[in-house]
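Construct the complete structure from the given sequences, taking the supplied hints into account.
Numbering (numbering that gives the first Met the number 0), first residue to last: 0 to 355.
Check each hint, because a few of them may be wrong.
[Stated by the list, open to error] Heads up, simulated DSS-like pairs for lysine-lysine below, C-alpha to C-alpha not over 27 angstroms straight-line:
1) Lys334 x Lys161
2) Lys56 x Lys85
3) Lys161 x Lys336
Calculated from the structure, these hints are not laboratory results.
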Amino acid sequence: MNNFNRREFLRAAGLLGAGAFSANMLSVVSRVAAQGAGLRCAMSSAGLAGTWNVQGKQAAEYWGQLLGVEVVWFDGEHNVQTQRNKIDQVATQEWDFVAIQPGSIGILVDPISQIIDNGIPVIDMDTLIAPLDEMWEMGVITLIAPDNVTLAEAVVGKIVEKMGFAGKIARTGGVEGHTGAQGRQQGFWNVVNRYPEIEVVDDQPADWSAERAAQLWETIINRHPDIKGGFFDNDDMALAARSVLEGAGLLEQVAIGGVDAMPSAIEAVGRGEMVATARNSPTRIHAWSVIAGVYAATVGVEQARADIPRFILADGPVITAEIDSNPELAETPWKLKNYGLSSAEGQLWLEDQLLL
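This is the structure in C-alpha cells:
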C-alpha cells in the first residue's frame, strides 16, 4: 500500500463509526491499533546522554507498542548540528508522523517545514522548534511542553527559603538556544530579583552535561566558598554538583535544586541532599506525542489541527522533603498539604510505570 492510500485507509478506519469530530482521541487511536494498521514514526530528542531523554524514549516506545507504532529514534547527541543532519535525513523519508524535541530553537525549521509540506503531521515536544507564530504558520500540529518558568520559580523559591533569603547563589543552565532552559532562567531571575540580599555570583550554561556542571561547580566553590545556593536546569547537573559539594564538605551549607524530578533526584531530596526538584514529565510529553501523532495520521493533518489544541501543558508536581504536620489538623489530615504525607513514593511508582 503506497503512503497516500495508507493514509486514506487510516482516516477511514479511524473515522468509521466515530464521527469526524470525535472528542475522544483514544477511542480513535485504539480502534486503529486494534485493526493492526501498523504506523511508523520518527522521533528525536536533544540527546540520550540525559536521563530525561532516556525516560522519554522509553515512554514513547512503550506507547508505540501499545498502539501499533514502530518508533524510529534519531538521537540528537546534545549537538545541534548532529540533530539537524539527522532531521535532514528524516525529511527525505516517508513517515506517518514525526515528533521532535529540538536541541535549540530555529535549527530545525527547514527540514521540519519540508516534512510538513510532504503532508506528514509534526508534533513539537518540550521546547520550541521556532517562535510560536512561525510554528503555527509552518503547520506544526501542537506543542506539548511544561511551564518552565513556573517549575523554576517553585524550585528556586524553596532554595532561597532554605538560604534564609540572603547569600550567594548560582544558576547552571542547559543549552542557551533551548527555550526550556531560557524559561527556567527567567523563572530563576523572577525569584531572586525579589530579594535584595540574594547575590547571583554565576549564571552560565553547562549544556545539560553533568561533567560540565561538575567542572563549573569546582570553579564556583573555589571562588565563592561561602556560597549558599544553587539552581540547575536539570537534575543530572544538580546531582553532579551535589557530588562536588559533598567532596568539598559543603553539602549541608549549599541548598540545591533542579528540574525534571528524575528518580535519583527524588531520592536525593528524600535524603536531604537536594531541597527540591520539579517534574518536567518526559513520560507525559513523549506518550502524549505518540497518541496525538497516531490521531493526526488517522484523521489527517487538517482535521488534527482542528481537533488538537495548539498547546498542551504537561504539568508536574514539585517534590520536597517537607511534610505538613500541623498538629491542629492532625484529626483532619485531608486539610493538610498532600494529606500530611510525602508524595515521593507515589511519584517514583508513577515514573516506574511510565505514567508521570
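Status of the hints after comparison with the structure:
no., hint, result
1, Lys334 x Lys161, "25 angstroms, holds"
2, Lys56 x Lys85, "17 angstroms, holds"
3, Lys161 x Lys336, "19 angstroms, holds"
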